[in-house]
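Chemist: Here is what each chain is made of, one letter per residue.
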Amino acid sequence: MDISYTPEQQALKDRLSAYFKDFITPDLVEEKKNPEMFEGGGPVFRQKMQQLSADGLLGLGWPVELGGEGIGPVEQHIFTEEVMSSGFPYPFLTVDTVGPMLAQNGNDFLRDTVVKDILKGEVIIAVGYSEPGAGTDLASLKTRADRDEESGDWIINGQKIWTSLGHFADYIWLAARTNQSPDIKKHKGITMFLVPTSLEGFSHTPIHTMGIRTNATYYQDIRLPDKYRVGEIDGGWQLITGQLNRERLSIVNPGMITGVFEQVCQWCANTNDSHGEPVIKTQWVKENLAKVHTGLETLKMLCWKQAWAMQNGNPDMADASAAKVYGSEFFVEAWRLMLEVMGQAGTLGEDSEGAILRGVLEKRYRVGSTLTFGGGTNEIQREIVAAAGLWLPRAR
Amino acid sequence: MDFSYSESHGDIKNLASEILGDHADPERLKKLEANGPYFDAELWHKLVESGIHSASFPTALGGMGMDYNATTLVAEVIGQTVVSIPYIPCIISTAMPLINSALNNKAVLNKLQGITSGEQLITTAFIEPGNEAPLDPRTEASPQGDSWVVNGNKHCVPYAADASSLMVTAVNNGQLWVGLVDTQQNGVSCVAQRCTANEPQYQVSLNQATATCVAEGDAAHALIEQSVAMTSAAYCAMAVGCADKMTRISGEYTSQREQFGVAIATFQAVAHRLADCYIDNECLKIITLKATSDVNNGDYSNDSILMAKAWCGDVLHRVSHAAQHVHGGMGIDRDYHLFRYCLWAKQLELTLGNSKQQIAALADRIEARYLTA
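Heads up: the protein sequence lines correspond to chains A and B, in order.
Quick note on the working numbering: the first sequence kicks off at 27 and runs consecutively.
Quick note on the working numbering: the second sequence kicks off at 24 and runs consecutively.
Worth flagging that the hints you see were computed from the coordinates, not collected in a lab.
Glycine residues also receive a C-beta, built at the ideal position from the N, C-alpha and C atoms.
Some clues are possibly wrong.
Cβ-Cβ distance ranges computed for the label pairs, FRET-style [what the hints assert, rightly or not]: (1) His301/A <-> Ala245/B: 45 to 51 Å; (2) Arg392/B <-> His301/A: 19 to 25 Å; (3) Lys369/B <-> His301/A: 36 to 42 Å; (4) Ala421/A <-> Lys54/B: 39 to 45 Å; (5) Lys39/A <-> Asn58/B: 53 to 59 Å; (6) Gly85/B <-> Ala421/A: 33 to 39 Å; (7) Glu288/A <-> Gly240/B: 35 to 41 Å.
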């Protein structure tokens, strides 16, 4: 047992940490001020993605046969932590979750085009799971794909909701019902497709949330060639759960906090209170910081262990869910603890005079609440923990 | 990066589970504890026979040359079985930190060899009435001829009356001093106390007690810092075993207990409360692993040790009360086995600094770090 980074992993971390130090340029900061582009999608963002690819940093942990560098999930995790910590709107759903699923399960066409383009930093994918009537009960989704027997194409009709990045994504990773038979279990009649957003019949409307812009997306008689199908017909559920397992680890990446925490500590040391003393000398302030420090270190170790388990091919289902619940709820608490130390001025937004640290926490707390229900709501994760971790009997 | 235990670590843990498990039958424990706090000499003897108790001593001292991590695995098993043996006070708090001193101090060498053979038992007095700072004792030591005498009061000293000697902290000329005191002398008197977990603990009065000096000044500071770090992380490991056991007992009980015609574990409120216990313990496990690894690497002042102890207190408190709650009255019945874990949960939470004290200590470190940066 040695739970620290190997010298190679530490060197990678140091290299990436230096690399991302100046990665966030003023033009990107400016571009992100546009609420439409807070999560990416603008020209500067696209250019940065291509730069990451050119520097060999996308798909670092993907297996070589899938077009990556093949240095493993731990390395991929190190990369994701550093890129997230920098504040770059890294499209982790595309690169860390859907991408590897496509590389593993996609046909030759998809591998030669979409997967390669992901690694070139040229493709962004949005996830099309939730529907107005299907959230946590995802298998009850109604968006349908019907086979045109003559051409073999699929005709897609339906609506998705909360399709984040859908307003600039190049593809939708879409779950659709392909078997309408009432005799089969509802999760057995779902197939996965990759829908180019350029196709006729695709449209989106914005949903403005408290934090980010997301979308409703519409699929009206979209004619989709069969080469855009991923995996077996009616075999989509396994791909969905596979993608969600990856997503669970990605969305609680400690990089979400590490960079901000460092900035807040420095701010507390460099800013004086009304008595002329550094803010960090106040007992409750430094205790808030100590609590974040403790929670963050714990999350880091949980994620390392998950990445290590993935590397060895045996990630534990209960542990992955436990990490997701803990991480997402810790984030919510951490934003609060850090915002508190700024006082009322912490409520000033990015675009306001007097905003602290560019209003990063004012923004974060508004955005961060999605994590407890996104990627599989925490209640479902607790069900998984109860069943897989404690062998409790299930209801029903 | 490797989170897996080696084969020899696995062997130690399995053997400890087997021996301790054989002696942790609730009926047996109930008989033993009928007359109050007790030292399970029969079990301790078995442990000595197996050599597990001294597995992490160097081979030169009769041990197996294993590392500190191995001792924390035994500590975890103690948490799972809540048996009453002086493993943590004697081996982890005292003997392990003294290993280096044994190389050039004959008296210490003799004690450690005596522990290996099972003839000696040694324990540590960390705190005093009204003073719980292990590095800042009020007890005084002064030289007398070739020897030393110690005056002062210690309390909550585990197994003091069973021990042949005590590792004692004191001050001499404003400097921290650490020495060994034989218990069989007129200057030492032990009065039994009753702590919540029913571990045998004693108030120890030292009145012109003769002592051998082990370390002074910086060396004494380093020795006690090491002892506190090793003990603190080991109590966290014990807490992992204890919290895990409380959660599992609750899982088994609620899977069988029926109300409204169904097992109560099928109610979401119950299942989620236990899932939260599981998640809490996952966090405690991982941060404890970080702390024990740091201690194993000789880093006795890493933040992780404070962090782990902070989690330890919080998790034990939450899991203990959740476990009692989902059991209803059964959970607190002394004829049922859960209560021993709950008592130990509170004991461990309050021993060597509660959660808030750890956070406050960490807060001071953060302040110092960023103000000097």
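Chemist: Taking the hints in turn, state whether each one holds.
Modeler: So, going through the hints one by one against the coordinates:
| no. | hint | result |
| --- | --- | --- |
| 1 | His301/A <-> Ala245/B: 45 to 51 Å | violated (38 Å) |
| 2 | Arg392/B <-> His301/A: 19 to 25 Å | holds (22 Å) |
| 3 | Lys369/B <-> His301/A: 36 to 42 Å | holds (39 Å) |
| 4 | Ala421/A <-> Lys54/B: 39 to 45 Å | holds (41 Å) |
| 5 | Lys39/A <-> Asn58/B: 53 to 59 Å | holds (57 Å) |
| 6 | Gly85/B <-> Ala421/A: 33 to 39 Å | violated (56 Å) |
| 7 | Glu288/A <-> Gly240/B: 35 to 41 Å | holds (37 Å) |
In summary, the structure is inconsistent with hints 1 and 6 from the numbered list given earlier, while agreeing with the others.
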